[in-house]
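Using the sequences plus the hints, can you model the full thing?
There are 2 protein chains.
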Amino acid sequence: MEGHRKEEKTSFVQSLADPGHPVKCSPVIIDNVPLNGPTLNVLMSENFIHQSMSIIVEDAIKKATDVREKVCEWRSPEQLKELLDLELRDGAESESEILQRFKDAIRYSVKTSECLKCNELRSEHEDNTLGKWLPELLWYTYEVAPVFTLVEEAVLKKMMELIGWKDGGDGIFNAGGSMSNMYAVNLARYRCCPDIKENGLSAAPHLVMFTSQECHYSISKAAALLGIGTKNVYAIPSDERGKMIPSALEEQILSAKSEGAVPFMVNATAGTTVLGAFDPIDEIADICEKHNLWLHVDVTDSVAWNPHKMLMACLQCSAFMVRDKTSLLQRCHSARASYLFQQDKFYDVSYDTGDKSVQCSRKPDAFKIWLMWKALGSRELEQRVDRALAMARYLAQEIKQREGFRLLMEPEYANICFWYIPPSLRNLPDGPDVPSLLLQVAPVIKERMMKKGSMMVGYQPHGEKANFFRMIIISPQVSRQDMDFVLDEIHNLGKDL
Amino acid sequence: MEGHRKEEKTSFVQSLADPGHPVKCSPVIIDNVPLNGPTLNVLMSENFIHQSMSIIVEDAIKKATDVREKVCEWRSPEQLKELLDLELRDGAESESEILQRFKDAIRYSVKTSECLKCNELRSEHEDNTLGKWLPELLWYTYEVAPVFTLVEEAVLKKMMELIGWKDGGDGIFNAGGSMSNMYAVNLARYRCCPDIKENGLSAAPHLVMFTSQECHYSISKAAALLGIGTKNVYAIPSDERGKMIPSALEEQILSAKSEGAVPFMVNATAGTTVLGAFDPIDEIADICEKHNLWLHVDVTDSVAWNPHKMLMACLQCSAFMVRDKTSLLQRCHSARASYLFQQDKFYDVSYDTGDKSVQCSRKPDAFKIWLMWKALGSRELEQRVDRALAMARYLAQEIKQREGFRLLMEPEYANICFWYIPPSLRNLPDGPDVPSLLLQVAPVIKERMMKKGSMMVGYQPHGEKANFFRMIIISPQVSRQDMDFVLDEIHNLGKDL
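Protein chains in written order, with numbering that gives the first Met the number 0: chain A, 0 to 496; chain B, 0 to 496.
Some hints could be false.
Identical copies go unnamed one by one, so any copy, or any two together, can satisfy a pair.
[Claimed, not checked] For lysine-lysine, the following DSSO-like pairs were computed, each having C-alpha atoms within a straight-line distance of at most 27 Å:
| hint | residue 1 | residue 2 |
| --- | --- | --- |
| 1 | Lys69 | Lys256 |
| 2 | Lys165 | Lys451 |
| 3 | Lys102 | Lys61 |
| 4 | Lys256 | Lys102 |
| 5 | Lys308 | Lys61 |
| 6 | Lys308 | Lys62 |
| 7 | Lys451 | Lys69 |
| 8 | Lys157 | Lys69 |
| 9 | Lys494 | Lys157 |
Keep in mind the hints are simulated off the structure, nothing from the lab.
Quantities reported herein were computed from a predicted structural model and do not represent experimental measurements.
Below you can see the structure in the form of structure tokens.
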């Protein structure tokens with residue numbers, strides 16, 4: 000599969016890296032990852048930006064306003080797949096290849112400056128151009144967005160492959176991870192009680208679901224919106240590390256059943272919001288299998304994966320994937336609007352994927368991660384994640400070594416949680432007042448950093464623990480000096496407290 | 000309020016209009032609106048695009064990667080309101096003013112190349128730059144998006160003023176109109192039975208809602224997702240024009256009540272999807288008042304308004320507005336995540352509007368319509384709508400005059416529905432075969448136009464009516480010749496059928 004790739008060409012990554020760029024400092028090796036400063040050359044990036052902007056103006060905007068241009072260069076899904084080379088590979092493509100892919104995407108997209116929905120014709124024109132680019136186009140059927148339909152399919156396929164779903168599955172990109180989690184709750188419910196779609200919950204049994212107390216708040220929002228009720232989300236205790244305790248999960252499932260409730264879903268979290276903890280998914284999966292519950296996040300049933308986070312794709316870029324191959328997603332969400340999803344079209348209407356969504360028009364978010372993946376390759380994406388995680392561990396090491404800083408716990412992921420203890424509080428005997436004094440430190444330092452504009456690091460309390468800072472490192476471009484700067488600056492801003 | 004506006008300056012609209020641009024044909028006056036060709040100069044627009052791109056590169060991208068730049072220039076909500084001049088007025092601003100507003104928006108936004116969420120610091124850098132612009136920034140609290148928070152507030156205020164809500168209300172921009180309609184259903188339910196948020200629907204009465212049979216399919220999707228059930232959405236019959244029949248609504252409300260169901264909401268439609276019909280909102284409002292039901296779309300309770308449609312803002316740009324002033328939106332949707340919505344912040348946390356949304360991060364869509372409104376002014380926006388509606392009536396006139404074309408009904412809005420009858424079917428006696436023959440005409444013409452790439456006009460059946468074409472005219476840039484071209488081209492593509 001990699002055979003036809005011309006490895007001798009300069010890749011996009013190589014062309015952006017400047018070999019003459021001075022290394023800021025001698026490298027530190029953390030878990031075999033050298034940390035010695037940014038790897039990209041800003042000037043080279045700027046040149047690339049200008050070239051892509053010029054493609055947008057010439058190919059997307061000007062041609063869309065030129066009446067001599069076709070509205071679309073129609074290709075069937077099969078033809079277009081061959082023309083586009085959608086596969087995502089290990090290696091990076093060259094800068095010129097990436098620009099060509101961008102041109103191709105525009106070429107085979109429908110050119111009407113966004114007013115596709117109005118069935119408008121060739122002379123469409125828009126003067127509100129700020130923020131009007133390819134990913135601004137809306138999308139619900141293959142005919143209005145042939146390129147993006149296939150790109151979404153290719154990205155989902157690759158993501159499911161990485162998750163390890165050898166037989167594939169189904170999926171859709173959504174307006175954010177909260178929406179993806181809502182999809183999971185809705186599909187789990189639909190599998191459990193398909194009648195609810197038509198008959199509603201008032202005729203249904205008392206449904207309950209389970210998630211760790213550390214889960215993202217979108218689970219609670221989903222339960223409220225979907226009519227399940229936040230009280231019917233059982234918060235399973237976590238251990239001191241933030242991981243769901245499997246025995247506690249099983250206890251609560253049994254207890255709910257004994258009270259006549261019907262458990263339908265467990266939500267597991269791979270990287271909790273605050274502590275960056277991973278629930279023990281294997282053990283939870285065994286419990287779900289035993290009780291026939293839908294497990295979200297897990298390889299069993301469904302996954303919400305946001306490439307706009309650790310993979311740094313542009314916002315928003317959030318995929319919901321389901322292992323099911325019986326059109327559950329379509330059956331659960333479809334409304335079959337006759338004005339969009341006509342069945343007498345001249346192409347394979349299974350490519351009209353819009354009815355799988357609870358939105359009507361939506362943005363082709365998959366294109367952002369697709370083009371980025373083409374430009375960087377799987378290998379570089381992996382290295383970026385490795386580098387960010389190594390950087391997180393470097394920061395943790397520094398926190399442990401510096402006076403006045405205290406690590407909340409060893410990082411499992413990219414989240415580093417820590418306190419800064421100003422000199423005036425360092426030598427106090429432990430007592431009831433210390434936590435309340437410490438509580439006031441982070442908000443003051445945060446206010447000072449915001450007003451100075453030097454950086455933005457968030458803080459929060461967590462259970463019994465007073466306000467602590469939380470750094471999450473996902474960018475491949477942060478350097479060791481940046482990490483040192485964070486700690487120096489917090490000290491500078493708070494040393495008089 | 001208009002006093003300080005320098006009306007002698009060349010407005011954005013004037014600077015884009017080229018007085019020397021040849022008028023394509025002598026004007027036709029439709030309802031006092033002259034229709035004589037596009038009003039904008041593409042070359043002038045291009046120059047504007049280049050200037051705004053250069054601001055994006057210099058101010059947003061390069062400064063975000065420059066460690067000497069501040070992460071943000073912190074201003075309190077009150078200070079920032081004074082600096083930005085957020086008000087939307089009748090007149091258009093000059094091109095240079097619009098560019099300055101764009102610069103200001105960047106200046107007072109947080110500069111970290113999107114990674115605000117990760118509490119990252121100054122050296123953030125991203126090489127996936129295609130499609131990365133200001134409206135790509137995510138958003139949930141004032142501190143991460145001060146400009147966009149205030150812009151959203153200003154746009155919602157103006158929109159509520161135009162709706163006629165003199166006392167204001169509350170609102171939020173969403174990922175599309177389907178989401179806005181879901182918000183309406185959820186708020187209506189919450190007002191009726193606030194316990195459902197916690198306890199779920201299984202403990203609730205049998206809730207039912209009402210909408211016309213012509214409503215958008217998102218109402219049905221909302222009922223399914225929210226656990227209300229699609230069978231509990233009563234489809235009220237419409238008259239031959241597509242308008243909900245108020246007496247039928249009241250009959251069904253009474254009938255539902257007599258069966259023990261609890262009506263909680265009526266959805267009225269102002270401009271139906273297919274026929275562009277307006278439900279008789281005044282009469283429906285009277286019925287809702289009588290039965291204490293939430294009326295969505297109406298001035299009574301809530302409105303979903305998509306500036307990405309008739310106002311041509313970039314997708315997506317969809318506002319949900321509610322007349323309530325008791326924080327219903329916040330109470331209904333809040334989850335109070337401690338890592339985002341800390342209450343011990345140093346500014347007025349009522350500006351942290353993110354918890355009103357069912358999404359977590361969301362895009363600052365209000366900025367698109369705000370900047371467009373500043374550039375065009377209310378007057379020009381109104382004229383554009385008038386022009387599009389006049390163009391729709393021109394097309395209807397032409398259809399009535401041309402042989403082989405038949406208008407489904409007189410347009411009430413921008414939707415023009417019509418059949419093309421090929422010569423071979425024109426002289427057939429009316430009989431059972433004619434509709435089935437006609438059914439096949441539109442799909443064939445559509446396939447031919449797609450493969451030729453000349454235009455995109457949709458078709459669909461509706462009730463008893465065979466496949467007809469549906470044009471929706473919203474662009475101010477379409478010309479009479481374009482309308483003529485649509486009809487000529489349909490004839491050319493279908494005359495041999």
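Hints versus structure:
no., hint, verdict
1, Lys69 <-> Lys256, "neither (61 Å within a copy, 55 Å between copies)"
2, Lys165 <-> Lys451, "neither (51 Å within a copy, 40 Å between copies)"
3, Lys102 <-> Lys61, "both (13 Å within a copy, 25 Å between copies)"
4, Lys256 <-> Lys102, "neither (57 Å within a copy, 59 Å between copies)"
5, Lys308 <-> Lys61, "between (34 Å within a copy, 22 Å between copies)"
6, Lys308 <-> Lys62, "between (34 Å within a copy, 22 Å between copies)"
7, Lys451 <-> Lys69, "between (53 Å within a copy, 8 Å between copies)"
8, Lys157 <-> Lys69, "neither (32 Å within a copy, 39 Å between copies)"
9, Lys494 <-> Lys157, "neither (49 Å within a copy, 46 Å between copies)"
Comparing the model with each earlier hint shows violations of hints 1, 2, 4, 8, 9; every other hint is respected.
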